Amino acid sequence: MNRTRKITYLGMGIALYVVLSMTVKIPLINQIKTDFGYLAFGAFLNLFGMEGTLVGVLGCIIANSFVGSAFPPGWVAGQLFIGLFCGYLLKKTDKLWLKALICVAGVFIGIAVIKTVIEVALFAIPFNIKIIRNLVAFVADSVPMVLGVIISNKMKIS
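In terms of the numbering used here, the sequence shown opens at residue 1 and continues consecutively.
Keep in mind that the hints are not guaranteed to be accurate.
[Said to hold, decoys possible] Keeping only pairs whose Cα atoms sit at most 20 Å apart, straight-line, the calculated DMTMM-like set for lysine to aspartate or glutamate is:
1. 92 to 51
2. 156 to 94
3. 33 to 94
4. 6 to 51
5. 130 to 51
6. 156 to 51
7. 154 to 51
[Said to hold, decoys possible] Quick list of the computed label-pair ranges, beta carbon to beta carbon:
8. 11 to 31: 26 to 32 Å
9. 127 to 105: 19 to 25 Å
10. 135 to 8: 34 to 40 Å
11. 155 to 121: 37 to 43 Å
12. 19 to 157: 37 to 43 Å
13. 3 to 80: 18 to 24 Å
14. 127 to 6: 36 to 42 Å
15. 124 to 92: 19 to 25 Å
16. 121 to 156: 23 to 29 Å
Everything labelled a hint here was simulated from the structure, so no lab data went into it. Given the structure is predicted, the values throughout are model-derived calculations rather than measurements. Ideal Cβ positions, reconstructed from N, Cα and C, are used throughout, including at glycine.
Model the full structure from these sequences, guided by the hints.
Rendered as structure tokens:
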């Protein structure tokens with residue numbers, strides 16, 4: 001695939017992430033909602049590997065800037081880890097169950113661990129409160145990400 005085509009696909013992935021993040025929300029607890037942008041994130045990581053990281057990181061930054069929130073350092077660091085970890089490992093296997101497990105593990109480490117540590121350190125939020133919220137966010141984000149991988153698993157991009 002040539003460079004222009006790849007940039008175009010990744011740009012469409014970022015746009016899809018932003019649109020899905022801003023329009024499809026299922027409220028869970030205390031301002032935590034499902035983020036269907038992870039559907040696009042999972043699909044593009046599965047299709048493009050580590051380059052799909054741009055979809056999650058830039059999509060997260062753009063979606064947060066549209067709703068007027070502050071720059072989310074915890075989310076961005078978590079997305080960066082998820083993208084690099086999952087993007088690298090998803091290209092190493094064809095087994096769908098293993099891809100799902102990789103996504104769940106990546107989102108757990110990125111959201112429940114990295115995001116929690118960063119937000120506790122930066123914002124002095126009590127750990128026991130933040131970990132509960134981020135565990136809920138981990139579950140809410142894992143499901144659409146795995147769905148994105150399942151949907152894109154048989155796709156071929158040329």
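Legend entry - Agreement of residue 156 and residue 51 with the hint, judged by alpha carbon distance not exceeding 20 Å: Between residue 156 and residue 51 the Cα gap is close to 16 Å, so the pair holds against 20 Å.
Legend entry - Restraint check for residue 154 with residue 51, where alpha carbons must lie at most 20 Å apart: Holds: residue 154 and residue 51 sit about 19 Å apart, inside 20 Å.
Legend entry - Assessment of proposed distance window 37 to 43 Å (beta carbons of residue 155, residue 121): About 39 Å separates the Cβ atoms of residue 155 and residue 121, which means 37 to 43 Å holds.
Legend entry - Proposed proximity, residue 94 with residue 33 (alpha carbon, max 20 Å): violated (31 Å)
Inset, instruction - Given the hint that residue 156 pairs with residue 94, test it: the Cα-Cα distance must not exceed 20 Å. - result: holds (13 Å)
Legend entry - Whether the CB-CB distance between residue 127 and residue 105 falls inside 19 to 25 Å: holds (21 Å)
Legend entry - Restraint check for residue 92 with residue 51, where alpha carbons must lie at most 20 Å apart: holds (14 Å)
Inset, instruction - Could you see if the CB distance from residue 121 to residue 156 stays within 23 to 29 Å? - result: violated (43 Å)
Legend entry - Cβ distance range 18 to 24 Å for residue 3 and residue 80, holds or violated: Holds, since residue 3 and residue 80 (Cβ atoms, about 22 Å apart) stay within the stated range.
Inset, instruction - Starting from the range 19 to 25 Å, see whether the pair residue 124 and residue 92 falls in it by beta-carbon distance. - result: violated (39 Å)
Legend entry - Pairwise beta carbon distance, residue 11 to residue 31, judged against the given window 26 to 32 Å: holds (30 Å)
Inset, instruction - Note whether the CB distance of residue 135 and residue 8 lies within 34 to 40 Å or breaks it. - result: holds (37 Å)
Hints 3, 5, 12, 15, 16, counting from the list given before, are not met by this structure.
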